[in-house]
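Take the sequences, apply the hints, and build the full model.
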Amino acid sequence: MKKLTGIQETAAAASLALAVAGCSAVGGSDGDTFKFAVVTEKTGAYADYGLQLEAGVEAAAADINASGDYDVEFEPVVYDCQSDSAICVQSAREAVSADGMPVVIGPIVSVDVLPAAEVTERADVPHLVMAVLNQITDDYSNTFRFSTQSDRSNQTVIEYIEAKLQPDETVAIVNATTDFGTSGAAQQKEQLSEIGVEPVIEIAHDPDQADYTPLITQLKEADPTYVLLSDSNPADVAKLLRQAKELGLESQWIGADASGSIELAGDAAVGYMTVSPWFPTTANKELTDKLIAQGIDTPGWISAMAYDATMALAQVIDENGTSSEDITEGLESLSFDGIARQGWNFSSEDRLGLTTSQIAVWNGTEYEIVWPER
Amino acid sequence: MTALLEATGLIRRWGGLTAVDRVDVSVAQGSLHGLIGPNGAGKTTLVNMITGVDRIDDGRVRFQGDDVTGLASHRLASKGMARTFQTSQLFEDESVIDNVMAGRHGHIRYRFPHTLFYTPRVVREERGHRTEVYAVLRELDLAEDAHRQVAELSYGRRRLVELARAIASQPTLLVLDEPAAGLPGSDVDVLGDVLRRLRDSGYTILVIEHNIGLLMTICDRMTVLSEGKVIADGVPAVVRESPEVIEAYLGRNDDA
Amino acid sequence: MTDTLTRPHSPPVPGPGAERRASLLATMAGAVLLIVAAAVPALTDFSTTYLMAYVLIVALLGLSLHLLMGLMGTFSLGQAALFGTGAYAAVVVSEDVGLDGAIGFVLVAAIGALLGLVMGAVTLRVSDLYLALTTLAIGYILENVVRNTDWLGGSQGLTGFYITFFGRSLDDPRLLCWIGLGVLTLFMIMISSMRRSKIGRAFMAVRESPIAARSIGVDARRYKLLGFAMAGAFSAIAGALYSAWSLVVNPSVFSIDLTLSVLAIAIVGGLRSMPGILVVAALLTYFRNSAADFGVADYVLLVYGALIVLSLRFLPLGLGGLTGSRAVARVRRLVAHRSRSRGGGRA
Numbered sequence: 065m066k067k068l069t070g071i072q073e074t075a076a077a078a079s080l081a082l083a084v085a086g087c088s089a090v091g092g093s094d095g096d097t098f099k100f101a102v103v104t105e106k107t108g109a110y111a112d113y114g115l116q117l118e119a120g121v122e123a124a125a126a127d128i129n130a131s132g133d134y135d136v137e138f139e140p141v142v143y144d145c146q147s148d149s150a151i152c153v154q155s156a157r158e159a160v161s162a163d164g165m166p167v168v169i170g171p172i173v174s175v176d177v178l179p180a181a182e183v184t185e186r187a188d189v190p191h192l193v194m195a196v197l198n199q200i201t202d203d204y205s206n207t208f209r210f211s212t213q214s215d216r217s218n219q220t221v222i223e224y225i226e227a228k229l230q231p232d233e234t235v236a237i238v239n240a241t242t243d244f245g246t247s248g249a250a251q252q253k254e255q256l257s258e259i260g261v262e263p264v265i266e267i268a269h270d271p272d273q274a275d276y277t278p279l280i281t282q283l284k285e286a287d288p289t290y291v292l293l294s295d296s297n298p299a300d301v302a303k304l305l306r307q308a309k310e311l312g313l314e315s316q317w318i319g320a321d322a323s324g325s326i327e328l329a330g331d332a333a334v335g336y337m338t339v340s341p342w343f344p345t346t347a348n349k350e351l352t353d354k355l356i357a358q359g360i361d362t363p364g365w366i367s368a369m370a371y372d373a374t375m376a377l378a379q380v381i382d383e384n385g386t387s388s389e390d391i392t393e394g395l396e397s398l399s400f401d402g403i404a405r406q407g408w409n410f411s412s413e414d415r416l417g418l419t420t421s422q423i424a425v426w427n428g429t430e431y432e433i434v435w436p437e438r
Numbered sequence: 006m007t008a009l010l011e012a013t014g015l016i017r018r019w020g021g022l023t024a025v026d027r028v029d030v031s032v033a034q035g036s037l038h039g040l041i042g043p044n045g046a047g048k049t050t051l052v053n054m055i056t057g058v059d060r061i062d063d064g065r066v067r068f069q070g071d072d073v074t075g076l077a078s079h080r081l082a083s084k085g086m087a088r089t090f091q092t093s094q095l096f097e098d099e100s101v102i103d104n105v106m107a108g109r110h111g112h113i114r115y116r117f118p119h120t121l122f123y124t125p126r127v128v129r130e131e132r133g134h135r136t137e138v139y140a141v142l143r144e145l146d147l148a149e150d151a152h153r154q155v156a157e158l159s160y161g162r163r164r165l166v167e168l169a170r171a172i173a174s175q176p177t178l179l180v181l182d183e184p185a186a187g188l189p190g191s192d193v194d195v196l197g198d199v200l201r202r203l204r205d206s207g208y209t210i211l212v213i214e215h216n217i218g219l220l221m222t223i224c225d226r227m228t229v230l231s232e233g234k235v236i237a238d239g240v241p242a243v244v245r246e247s248p249e250v251i252e253a254y255l256g257r258n259d260d261a
Numbered sequence: 642m643t644d645t646l647t648r649p650h651s652p653p654v655p656g657p658g659a660e661r662r663a664s665l666l667a668t669m670a671g672a673v674l675l676i677v678a679a680a681v682p683a684l685t686d687f688s689t690t691y692l693m694a695y696v697l698i699v700a701l702l703g704l705s706l707h708l709l710m711g712l713m714g715t716f717s718l719g720q721a722a723l724f725g726t727g728a729y730a731a732v733v734v735s736e737d738v739g740l741d742g743a744i745g746f747v748l749v750a751a752i753g754a755l756l757g758l759v760m761g762a763v764t765l766r767v768s769d770l771y772l773a774l775t776t777l778a779i780g781y782i783l784e785n786v787v788r789n790t791d792w793l794g795g796s797q798g799l800t801g802f803y804i805t806f807f808g809r810s811l812d813d814p815r816l817l818c819w820i821g822l823g824v825l826t827l828f829m830i831m832i833s834s835m836r837r838s839k840i841g842r843a844f845m846a847v848r849e850s851p852i853a854a855r856s857i858g859v860d861a862r863r864y865k866l867l868g869f870a871m872a873g874a875f876s877a878i879a880g881a882l883y884s885a886w887s888l889v890v891n892p893s894v895f896s897i898d899l900t901l902s903v904l905a906i907a908i909v910g911g912l913r914s915m916p917g918i919l920v921v922a923a924l925l926t927y928f929r930n931s932a933a934d935f936g937v938a939d940y941v942l943l944v945y946g947a948l949i950v951l952s953l954r955f956l957p958l959g960l961g962g963l964t965g966s967r968a969v970a971r972v973r974r975l976v977a978h979r980s981r982s983r984g985g986g987r988a
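Residue numbers (this note's numbering), protein chains in the order written: chain S, 65 to 438; chain X, 6 to 261; chain L, 642 to 988.
In short, the hints are calculated from the structure, not lab data.
Among the hints, erroneous ones may be present.
[To be verified] If you want the ones that stay clear, here's a sample from chain L, every Cβ over 10 Å from chain S, calculated:
#1 R661
#2 A663
#3 V677
#4 L692
#5 L816
#6 M829
#7 M831
[As the list claims (entries may be wrong)] Listed below are several chain S residues computed to face chain L (Cβ distance under 8 Å; list not exhaustive):
#8 S149
#9 A150
#10 I151
#11 V153
#12 E158
#13 S174
#14 L178
#15 V183
#16 R186
#17 D188
#18 S205
#19 D243
#20 E396
#21 S399
Glycine is no exception: its CB is placed at the ideal position from the N, C-alpha and C atoms.
Given below as structure tokens:
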């Protein structure tokens with residue numbers, strides 16, 4: 065055997081080093097198990113949402129492994145990023161570098177998921193997100209949304225109004241003075257003007273108020289048929305609904321999904337309509353139970369979307385392979401009907417996710433879907 | 006003898022109360038001048054006015070022949086007026102010499118940018134000033150403690166460090182606010198010796214005290230305040246005999 | 642009655658010679674530490690290097706508190722305002738002005754110093770609680786302004802930017818670490834040389850009492866402004882490095898959370914001790930990042946709070962205060978004395 069030259073020696077040493085480094089990487093597939101990263105807010109201010117995301121992934125992984133239809137065992141590796149954007153960045157880095165994860169799911173809140181997406185995009189790692197913010201799929205080429213972008217949810221509300229609004233009926237817009245509230249109200253106003261409707265009144269409020277009597281009184285004077293609410297603070301939504309009921313406001317409220325607001329509002333939530341990509345209705349009982357089995361009391365859209373995302377991921381790796389490139393390629397040509405929602409269609413240009421949301425009314429015991437009409 | 010410091014007609018009002026009421030004080034060059042009065046007589050207010058800490062409602066202050074009325078205290082300090090306070094203002098966790106070096110502030114010429122990288126100029130100047138500070142420490146018998154943390158010193162020696170810091174600024178007028186406060190009796194005598202020695206080596210000193218015994222023995226001249234007004238002014242022997250002083254101050258403390 | 646004015650008989654204290662030896666020793670130890678720290682990024686993995694860079698950023702902020710609170714005695718809650726301004730300034734300078742970090746960071750430091758000056762000027766006449774609240778309010782104002790400025794990305798902030806240094810992207814965490822280490826070393830040298838000069842003594846005089854400081858000729862206002870300007874420059878540089886580190890800058894960089902966690906580090910480490918702050922910055926940042934691994938993620942704030950309470954109660958000068966405590970001082974003096982009696986020093 066020929067003696068190794070200096071360069072060859074270096075190359076051999078380097079490949080040995082790489083091999084050693086490869087051993088320490090835990091992500092991807094080693095033939096039997098497929099490990100992937102779930103970076104989520106398990107603790108801190110957004111834990112309610114982050115835990116939903118985790119439950120959805122875990123429920124799907126359990127189903128995938130139980131089905132026996134796949135060659136590999138699915139093993140989500142969960143990183144708690146503590147609702148802190150700096151830790152979310154660091155967790156995403158750990159996932160894609162030290163741990164060599166081929167794909168990342170989460171986190172949920174936009175201030176956490178944006179920096180995580182910066183990390184995954186630079187590392188060429190596909191990223192499944194549930195955030196409703198437009199920017200998250202507009203600005204990155206590696207993100208795939210498993211939910212409905214906020215302007216499309218608002219569009220769903222407007223479609224409902226267009227179908228239902230009688231000539232003598234009117235619409236009001238109410239929003240919290242938060243980023244979510246302000247941008248939601250602006251979108252709704254624009255979309256309303258496209259169907260030729262001018263809101264009778266627009267009220268922006270500080271979501272930390274205790275007394276909404278002035279706001280409700282203003283609404284009573286304007287007496288709109290529908291009140292479109294953009295407010296993501298559950299306690300605030302509940303306060304508005306309760307005081308509206310006490311003061312006898314008759315309007316139909318349609319609000320964005322603020323998980324927990326129904327429980328907090330109690331009786332006042334009866335008749336309240338919410339727009340969301342998914343509802344835990346009787347028809348969805350099977351999925352709802354699976355999610356509850358993962359330890360969350362009231363499954364919401366986040367857990368259902370995370371469930372579908374993980375199921376879609378299973379299909380992708382089954383058809384394409386387990387590397388980052390394989391997964392990206394598979395997602396960019398994905399056409400998948402999930403358990404929570406049908407019609408997940410992605411391409412390299414369109415990674416926005418669902419085109420429509422649903423509207424459901426709370427009848428006091430459960431949600432009834434009122435839109436789209438079946 | 007010319008007056009180094011001359012305050013005339015000083016007035017300070019706090020609401021309806023006139024804390025300092027048309028006070029004249031004249032401190033002669035090279036003298037050890039005492040300012041006494043019972044608690045609440047307005048001594049500290051008067052000193053604060055003279056040293057630029059408190060506002061002057063009316064009256065004038067002349068220092069070294071210049072009108073310095075209302076001048077900020079750091080400007081007065083750079084003109085040569087140094088003072089100490091009733092309570093300690095030292096850096097407890099720094100060494101004695103570093104504390105006293107603070108008194109050299111106005112004499113150090115290097116500027117901020119030099120200090121960022123401790124240029125040779127800073128090294129040179131610091132060394133020079135340290136030598137001078139050592140001399141002051143030796144004069145006050147503090148040299149052996151130069152590198153000790155202030156917090157480790159006894160109360161009395163800390164007061165000496167404060168005095169050293171004021172002296173280190175090479176003042177033309179040294180204003181001491183109750184230097185004997187809190188000192189045990191034997192120390193008061195030592196302090197008296199120190200002050201006399203300083204006067205003999207050429208310092209002009211204005212001492213504020215309510216300890217009348219100390220001032221009577223060491224002062225060249227005294228001004229007695231009571232309820233914001235000057236009730237006596239002159240050499241201790243004369244002041245001692247003044248009926249107003251006996252009534253306002255000594256009279257109440259026959260046993261003192 | 643005890644005589645407290647005359648000098649008691651006690652072992653002589655180390656003279657200037659011993660002091661010089663001690664500072665030489667400290668410098669050498671610092672140099673060794675620096676070399677070791679500089680080697681770490683080359684030897685460890687990507688995410689550990691990033692974690693180290695984050696520690697350095699936090700340590701820089703800690704240093705600015707050391708300067709403002711430890712040396713100058715100004716209780717400021719405006720760290721995040723300065724930090725956030727630096728973070729945004731770095732992106733604007735790099736993306737919109739197109740400057741390389743080697744020049745850009747100097748500009749960022751100048752912007753930070755300017756804001757520090759403004760902060761100092763606004764709080765010139767207030768002290769203590771009012772000063773703390775005013776500096777805090779400046780943070781709130783900036784956060785709100787940025788949130789409503791579309792040019793700065795509004796509430797979502799700025800993303801997708803690239804900061805370079807000498808033409809190389811700071812996406813390389815090793816480069817980020819080395820720059821952070823360089824800046825930290827530079828600032829430490831600046832602070833410690835300043836501390837041994839008239840500037841440091843003026844800061845300390847202002848800390849003990851602005852009135853007394855003036856009486857020894859220190860223009861207290863001028864030094865307060867100087868301190869704020871320097872703290873502003875340091876914090877802004879920390880913010881600039883944070884931009885490169887986090888890849889996204891949003892209005893949360895102005896948040897009180899950041900100020901409070903740095904405050905906790907400075908208090909536990911010792912406001913007057915640079916080494917104490919550095920050690921605690923490393924430990925607490927590692928702890929915070931790995932809290933989930935220890936299973937205590939839910940109790941992070943509790944741990945922080947408990948550390949603050951315990952250190953205020955038992956170590957008011959923080960961990961760094963331990964080295965200045967009487968027991969340690971006594972040992973140090975004994976050692977110095979022994980070395981001197983062997984003929985090393987002079988009185």
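Evaluation of the provided hints:
1. With a least CB separation of 42 Å from chain S, R661 of chain L remains clear of the 10 Å interface cut-off, as annotated.
2. The beta carbon of A663 of chain L sits about 38 Å from the closest Cβ of chain S, which is more than 10 Å, so the claim that it is off the interface holds.
3. Consistency note on V677 of chain L: stated as away from chain S, and its beta-carbon is indeed over 10 Å from all of that chain's, at 21 Å minimum.
4. For L692 of chain L, the condition that its CB be more than 10 Å from all CB atoms of chain S is violated, with the nearest at approximately 6 Å.
5. Here L816 of chain L stays apart from chain S, with its beta-carbon at least about 14 Å from theirs, past the 10 Å limit.
6. For M829 of chain L, the requirement that its beta carbon stay farther than 10 Å from each beta carbon of chain S is met, with the minimum near 23 Å.
7. For M831 of chain L, the condition that its CB be more than 10 Å from all CB atoms of chain S holds, with the nearest at approximately 27 Å.
8. The interface hint given for S149 of chain S holds, since its Cβ lies 6 Å from the closest Cβ of chain L, which is under the 8 Å cut-off.
9. Evaluation of the A150 of chain S hint against chain L yields a held restraint, the C-beta minimum of about 6 Å falling below 8 Å.
10. Because the beta carbon of I151 of chain S sits about 6 Å from the nearest beta carbon in chain L, less than 8 Å, this interface hint is met.
11. The closest approach between the C-beta of V153 of chain S and any C-beta of chain L is roughly 5 Å, which is under the 8 Å cut-off, so the hint is satisfied.
12. Taking 8 Å as the C-beta cut-off, the interface hint given for E158 of chain S holds, the closest approach to chain L being about 4 Å.
13. Against a cut-off of 8 Å between C-beta atoms, the interface hint on S174 of chain S holds, since the closest Cβ of chain L lies about 7 Å away.
14. With 8 Å as the threshold, the beta carbon of L178 of chain S comes within range of chain L, its nearest partner Cβ sitting at about 5 Å, so the hint holds.
15. For V183 of chain S, the interface hint holds, the least distance from its beta-carbon to any beta-carbon of chain L being 6 Å, beneath 8 Å.
16. For R186 of chain S, the interface hint holds, since its Cβ comes within 8 Å of a Cβ in chain L; the closest pair sits about 6 Å apart.
17. Nearest Cβ of chain L to the Cβ of D188 of chain S: about 13 Å, over the 8 Å cut. The hint is violated.
18. Against a cut-off of 8 Å between C-beta atoms, the interface hint on S205 of chain S is violated, since the closest Cβ of chain L lies about 11 Å away.
19. Among the interface hints, the one on D243 of chain S holds; its C-beta lies about 4 Å from the nearest C-beta in chain L, closer than the 8 Å criterion.
20. The criterion of a C-beta within 8 Å of any C-beta in chain L is not met by E396 of chain S, whose closest approach is roughly 20 Å, and the hint is violated.
21. For S399 of chain S, the interface hint is violated, the least distance from its beta-carbon to any beta-carbon of chain L being 29 Å, above 8 Å.
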